[in-house]
Amino acid sequence: MTQPTILLADDEPHITHVVARKLNKLGITTLIAEDGEIAYQLVVEHGPDAIVTDLQMPYMSGIELAEKLQRNAELSQIPVILLSARGYAVAEQASNLPNIRHILSKPFSTRELVQYLLVLIDEDGALGLSA
Amino acid sequence: MKIQLTPKTHPSTPAAFLQRAENLGLLSWALDLNGMPSDDPIASAPIALWLSSKRIRSLFTERATLWAAMDSFEQEEILPGMWIFPYIELHRNRRTGYRVLIGFTDKILASEWLENPEDPNQLQAAALRQLLKEHIFSKQAHAAQTYEMFDWAMSDLRKQDKFDETIDGFSDQLGNAYETITALHDLGMSMSSINDVDGFINRTIEHVVETLEYEWAGCLINEQHPIGQMLDLSLIQAGTQTLPKEDINFVIDRVLTEVPAAFADRTKIYSAGDHIELLSPQMLVHPIEKNGESFGYIVVGGKRGEDPQVSSHETKMLDAVAGILSAFLINAAMFHEQHQTFVGTVKAMSSAIDAKDRYTQGHSERVAMVSAMIAAQLGQSEEAVELIRISGLVHDVGKIGVPESVLCKPGRLTDEEFALIKLHPTIGYDILKDIPSLSSILPGVLHHHEKWDGSGYPGGLVGENIPLMARIMAIADTFDAMSSNRAYRTGMPREKVLAEIERCAGTQFDPDLVPHFMALDLSRYDEMVKHHAAQSVFKKSA
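Residue numbers (numbering that gives the first Met the number 0), protein chains in the order written: chain A, 0 to 130; chain B, 0 to 541.
Everything labelled a hint here was simulated from the structure, so no lab data went into it. You may find that some hints are simply not true.
Keeping only pairs whose Cα atoms sit at most 16 angstroms apart, straight-line, the calculated EDC-like set for lysine to aspartate or glutamate is [claimed, not checked]:
#	chain 1	residue 1	chain 2	residue 2
1	A	LYS21	B	ASP163
2	A	LYS24	B	ASP171
3	B	LYS138	B	ASP105
4	A	LYS21	B	GLU212
5	B	LYS346	B	ASP318
6	A	LYS21	B	GLU164
7	A	LYS24	B	GLU164
8	A	LYS21	B	GLU305
9	A	LYS24	B	GLU305
10	A	LYS21	B	ASP171
11	A	LYS21	B	ASP167
12	A	LYS24	B	GLU212
Full structure from sequences and hints, please.
Here you go:
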């Protein structure tokens with residue numbers, strides 16, 4: 000079994016650091032992107048099992064990233080969790096994008112985020128992560 | 000399959016440093032305190048074999064004897080053209096061995112140390128020279144400066160490792176603190192749902208399990224304590240398993256008699272002996288108190304996560320959670336007691352009214368029941384149904400102000416007498432209007448004799464101007480009045496009563512409500528009638 004990989008995209012390094020640390024402790028590999036462009040490149044190169052992205056990032060926002068992924072049949076299957084300081088304001092835009100599976104308002108509970116991720120990357124239950 | 004945690008090691012030589020040194024052609028070798036290799040040298044096989052030869056190894060064991068007394072080392076040209084850069088390996092500030100970087104200058108290629116006396120053609124030496132060419136990191140003349148640069152890199156990387164560790168520590172602490180705040184915030188927000196005591200306790204201990212990363216948490220309230228009695232509480236638990244109550248009681252007993260509280264907090268930690276098989280070697284027990292006296296305990300066991308030790312982060316969170324639980328339970332118990340007093344008072348009032356007229360024995364209770372049934376049939380909320388029940392109980396309280404001679408008069412009433420009877424809704428309203436907790440039921444009391452067509456009293460209200468509560472009670476009141484024996488007549492049979500109510504839909508009663516009443520199963524009503532009749536017989540004979 001290959002280790003699950005999760006891409007974390009946020010221009011605030013402390014956010015990605017805290018989340019990555021928690022995921023790494025669970026044996027999950029993390030990729031870190033500081034902006035939307037890099038995030039998209041990493042998705043294309045590595046095909047992660049799930050993506051956690053901030054809304055506001057340089058070059059490409061989290062919504063734009065999700066839109067771009069949604070247009071690609073293969074990449075549109077990767078579930079996305081959107082982080083936002085204004086979750087309520089993006090709910091409508093995000094509702095048109097089926098790949099955005101959750102929206103969490105910052106500050107968010109890392110534990111909650113990790114729980115969502117474990118369910119998303121293990122939807123068929125094969126990894127036994129979300130038990 | 001569960002993903003296993005990768006154990007984290009803290010080597011004092013940063014991995015990044017070794018990687019960089021290797022990129023520059025240096026070899027690295029881990030030695031123990033005696034200078035004996037604790038690992039194979041990181042080098043290609045022929046070089047590794049050569050380094051591991053007795054001749055070369057003895058050079059290192061000799062050095063180790065000297066290093067034992069030294070705190071810092073200089074680089075040393077251990078053989079012509081072979082430089083070693085030794086670093087102390089530390090674990091928790093104790094020296095555990097050495098990490099030696101080995102670098103070659105061009106001078107090594109001419110060294111006779113490469114030659115093996117047992118190999119007449121020196122083929123091995125030729126092969127070694129070929130390999131070592133790729134490891135020359137510096138000209139002999141620059142070896143010292145190059146080492147200097149290594150040293151900077153080493154100390155910088157060590158510092159960076161320390162910083163990384165610090166940031167990781169901060170991240171963890173911050174993460175924990177945020178989870179705790181989130182949990183306490185959620186508990187604070189749900190404290191107002193005072194009616195769902197079990198739900199709140201569940202929520203609390205689930206937060207403990209999730210946030211503190213434990214397998215199991217339970218809340219045991221002393222059933223003998225007034226709070227436990229009032230709220231009918233015992234053991235509520237959350238987590239991956241269910242524990243027998245005796246085990247929890249055992250742990251609490253032991254903890255209370257044997258274990259001193261941990262320093263500066265009230266959490267007690269029970270370490271399981273042979274007495275009992277517990278889910279984890281350590282169980283935490285924290286009291287839930289009222290005025291310094293405990294009436295329950297939060298018990299937690301089965302620590303998850305990397306650190307098996309109980310930390311003060313956990314005991315502090317337990318302290319906060321126990322405080323919130325205590326405040327909630329004390330409040331809930333007070334609320335329940337108040338509600339019971341309230342309901343008891345209302346019941347006493349309705350019994351007092353019914354006692355005035357033995358013919359109407361139990362009338363208020365029956366009107367309360369039928370009104371509540373209609374409201375429930377309409378799909379009204381639990382609270383609304385409860386309100387209408389209370390309104391039914393006290394709807395005739397104004398009859399206290401009507402002379403008994405009129406109330407119990409057999410036969411027809413004069414106009415003057417009927418005028419007195421018609422005062423009772425207003426009198427009832429006046430009696431109750433100053434009780435704040437009854438304000439929402441006043442419309443039912445005041446208007447239960449209004450009629451849909453406006454011919455009722457006291458207001459002569461028409462249609463939907465009559466409060467819904469009163470429209471419902473009007474049906475229940477008339478139904479029970481027609482069904483029961485009165486001073487001036489005996490009760491009517493059921494079919495006749497129902498036909499009458501249906502006939503009066505749209506004149507006396509709200510035509511939309513009547514079908515809801517007709518749909519009721521009246522067996523509970525009939526049981527209550529029998530019950531009241533039995534009480535009445537008992538009273539007469541007593």
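Against the structure, the hints:
no.	hint	in the structure
1	LYS21/A to ASP163/B	15 angstroms, holds
2	LYS24/A to ASP171/B	11 angstroms, holds
3	LYS138/B to ASP105/B	6 angstroms, holds
4	LYS21/A to GLU212/B	13 angstroms, holds
5	LYS346/B to ASP318/B	42 angstroms, violated
6	LYS21/A to GLU164/B	14 angstroms, holds
7	LYS24/A to GLU164/B	14 angstroms, holds
8	LYS21/A to GLU305/B	11 angstroms, holds
9	LYS24/A to GLU305/B	9 angstroms, holds
10	LYS21/A to ASP171/B	8 angstroms, holds
11	LYS21/A to ASP167/B	10 angstroms, holds
12	LYS24/A to GLU212/B	14 angstroms, holds
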